[in-house]
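Combine the two chains into a complex, taking the hints into account.
From first to last, the protein sequence lines stand for chains H and W. Note that the working numbering has the first sequence beginning at 1, numbered continuously upward. Note that the working numbering has the second sequence beginning at 1, numbered continuously upward.
These are computed hints drawn from the structure, not numbers from a lab. Beta carbons: idealized from backbone N, C-alpha and C, even for Gly. Misleading hints may appear alongside valid ones.
Said to hold, decoys possible - To give an idea of the chain H side of the interface with chain W (calculated C-beta under 8 Å), a few residues:
no.	residue
1	F50
2	E74
3	L76
4	R80
5	R90
6	L92
7	P93
8	T94
9	A104
10	V107
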Amino acid sequence: MIYFDNVTKIYFEGTPPAVEAVTLRIEPGEFVSLVGHSGAGKTTLLKMLFAEVSPTEGSVFFGEHEISKLTTKELLKLRRNIGTVFQDFRLLPTKNVYENIAFALEVAGKTDEDIQADVPHVLDLVGLGEKIWSFPHELSGGEQQRVAIARALVNQPEVLIADEPTGNLDPINAHDVVEILKRINDLGTTVFLTTHNKTVVDAVGRRVVTMDQGKVVRDDPHGAYVL
Amino acid sequence: MAVWTNVKRIARYGFIGFIRNGFVSLAAVFILIIALFFLANLMISNAAMTATLEELKEKVGITVYFQPAAPEEQVMTLKQSLEALPEAAAVTYTSRDQALANFRERHKNDPLTLQALDELGSNPLGASLDVRAKEPSQYEVIAQFIQAKQAEGNAGIDKLNYVDNKTAIDRLAAIIDASRKNGITKEIILGVCALIIVFNTIRLTIYTARDEIGVMNLVGAGHWYVRGPFLIAGILYGVIAGLTVLIVMYPILRFNPVLIGLDPTTEILFGAFDSFAYYTQNFALFFFTIIGTGIILGTLSSYLSVRRYLKM
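So here's chain W without its partners, still in its complex pose (with noise of 0.2 Å):
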């Protein structure tokens, strides 16, 4: 006896099934849209706030000011002292004149500073050196020789700004880190009881069908004779809903993040994260896992649900 034709005949009468049980069919859907919306925010979410934090990381610099009145020279040399420290990954110089174009550009809305700026008549501004270290442990290092430079007097060095921004990158950095781990606890326990709806949904599908599978066991059908149109079915509750969830997403994400969890002071806080353009880009990833967890959760109900009332 051919397997395909044994295997045609399961794919048929699991699409029948699921179509004649159209209203048990809906609700397992239905609860499986719900367990994978979850997974589907938790996927963004972490993406947001891991994308947060390695902002943060990558803000955590050192800039050095220097005085207005240093020449040239001066900051070339602490420049090239500083990129031959092994631990300087690189170091930006910015001209005085560029310091000042970037000032103006960011007060171009502010005339009152501006005029100021004109009475002025010469450029208040120094140049300054942005350092970046290879690993953020390495910063104490190069601060520490930096500030070494500016005890010696010489240097022309206005000020440091390691020390201000330190403080405040930690802290925030263990904020997002703390309650992404808070997050992500809530997603798992909220994960767990998905799940343990999703079982016993399916659960319930079955239990509706138990003296069927009764009667087929005792018409002499094989195990997976049985099991498999209610394999089946399970695979098209996961397809379907899985495809709901992702058809879904694009317009939430597009218009209305705040619908996923990501509410205005997060959005302050997520600041340039953009989910919408995040879930376009990994639409492949979204797609296999949300599909596949999908298809696992239903295949895998059903296949427990219906081991019970395969007696024999």
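This is chain H alone, in the form it adopts within the complex (with noise of 0.2 Å):
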């Protein structure tokens, strides 16, 4: 389903790559935890996913379609159909809780009905029914993480990626961040994680792909977080 085909990325002419030659499918469904040092090109490679970034060599393709070659509306339509997560949160500051979903749902272009009954679903999913009022500034930094989860889920996205999603959370809140994320991926939606996080990629179990000054050097089936 993804598919990153001898993927190469240099930033400025002359410094080195910030990825290099990676090769790497990710199947439906999959589980993938992607770990390495900051700088080992985690984040550079999901950029590409969702096109915030473009590769200077090779391919990425999101199902059948090479993503750097999909027109404006077609990327739009990508994105929507995958949810993202970050260590920032970047959630939108003057909206609230359910404003922040219901904005996901749309700009995919459902109705008022369906955005009223979607809401409050997700948000129970991710254990914050009751903070659907409130605005990002008077949420934890758990709770902004789970708004944000949410906001990734409403619009039943094929995969899941979630950048550093722990590395402003304490252990507890990152415990229950990552156990949500499992649970996703057991209701068949793919994840791409990113970390830097032992206990988190321990705790999950999955595969795990190393990287490592912009090239992959392990990929387990069923690894630890190992460097």
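Below is the structure:
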């Protein structure tokens, strides 16, 4: 479903590549943890998947589509099909929890009735039903991250990308987030997670891809965090 | 997907964004108020100058004063020959009695002059003819015609006041015209400054939302869906600022026109121009110009500012 075909990314000419000759295939329903030190190229690889970064060489495929060849309209549609969760949550600060999640449904063209039904449902899934009218600044880090996950999930995407989702969280909240991601994966969504948190990787206990200096150096089907 | 639903959602987010970013919105509205106030000021002072210039041009005319002894037929003869001139638009006759009545009216607060007049016993004033030309440039021809009649010696003409007035009026017109051009230049420079400040203020309001725009992009929102609420906020800035200016102009023009640059010295110059009456009579013009400019400034600045952050 996701295929990186010999992908290289060089941000500035003359600098070492952020990602170098990476070939990686992710099948539907997999839970892949991408690990490595800071600067190993994990985030660059993820960004290529939703076209925030385009590869210098090679191609990235999502299903049958080569991402760099999509039109703006197709790309927007693709983004609605990929849920994204980030270390810094990236919620809309002037919108409350309900509106943040509703926004993702609105851009996907859902009706007001669907939105009114889906938002409370997905919030219950991440255990935040009672905070529906709060603003992001009124929530803790863990709660904000759960809102971000709810937003990423609400359109029932095929893939959920989580870039260091536990990076700003304490161990208990980090554990909760990992449990939610596992549950989502169990429901059939492909999860692509980057982290440098050993506890998180070991808690997931699924496929682990290790990157170092832009290259994939290990790919264990049932790995643990090894560097 | 109904376009109408999208429009409704965009409008709603525009209003919500305007209110939730209250302080930032207030700053944008305030700056727009200043810019629109300049515009209203420019409109009023320009109208004042034009009106005054027109009025002065109206005042250019030739008055032919007859000797008191000149018989009425003689005056009428000249009147008819003047009316026959293609250049003359109107010739107004003022009889000796009328001239006397006008004189008394003008000096009604001056008993000494009136007493002197009464002691004379007879009417010392002559009849007169006011001649208006169709074009200001035609006075020269009319003046030459009358001067030729005067030279013949039997027309009973005492004097002609064309030459005296002409220099004064020409000079005054030149002053007003120059000060109007000068004023417009200043207003344009200030206007451009205001425009840049408005643009930058709105750009700053959107700069504070740049991360938000990035997130919207990431979630897959179309460009118009991201841009729309900012444009709505831009329209709101324009409408609120415009209405404020329209309301504030009312008491200022009514009670204190000095505040918008019509200071006492220019008021002497502008004489009869009533800025308040002009404002109320042309309110529709002011309404559409001020509100329209506000909306255009607000939306255009928003559009250009959001464009920077809509990457893809």
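Requested in this report: Let me know if the C-beta of E74(H) comes in closer than 8 Å to any C-beta of chain W, holds or violated.
Outcome: violated, 11 Å
Query - Interface hint compliance - T94(H) to chain W, C-beta minimum distance less than 8 Å - result: holds, 5 Å
Query raised in the report: Can A104(H) be said to touch chain W, with a Cβ gap under 8 Å?
Result: holds, 5 Å
Query - chain W contact restraint on R90(H) - CB to CB distance below 8 Å - result: Nearest chain W Cβ about 5 Å off; hint holds.
Query raised in the report: Can the hint on P93(H) be confirmed by a CB-to-CB distance to chain W that is less than 8 Å?
Result: holds, 7 Å
Query raised in the report: Holds or violated: is there a CB of chain W closer than 8 Å to the CB of R80(H)?
Result: holds, 4 Å
**Report entry** Hint check, L76(H) versus chain W [nearest Cβ-Cβ separation less than 8 Å]
**Finding:** holds, 5 Å
Query raised in the report: Minimum Cβ distance from F50(H) to chain W below 8 Å?
Result: At about 7 Å, which falls below the 8 Å cut-off, the nearest Cβ of chain W leaves the hint on F50(H) intact, so it holds.
Query raised in the report: Any CB of chain W closer than 8 Å to the CB of V107(H)?
Result: holds, 4 Å
Query raised in the report: Once the shortest beta carbon distance from L92(H) to chain W is found, is it less than 8 Å?
Result: holds, 5 Å
Checked against the numbered hints above, the structure violates only hint 2.
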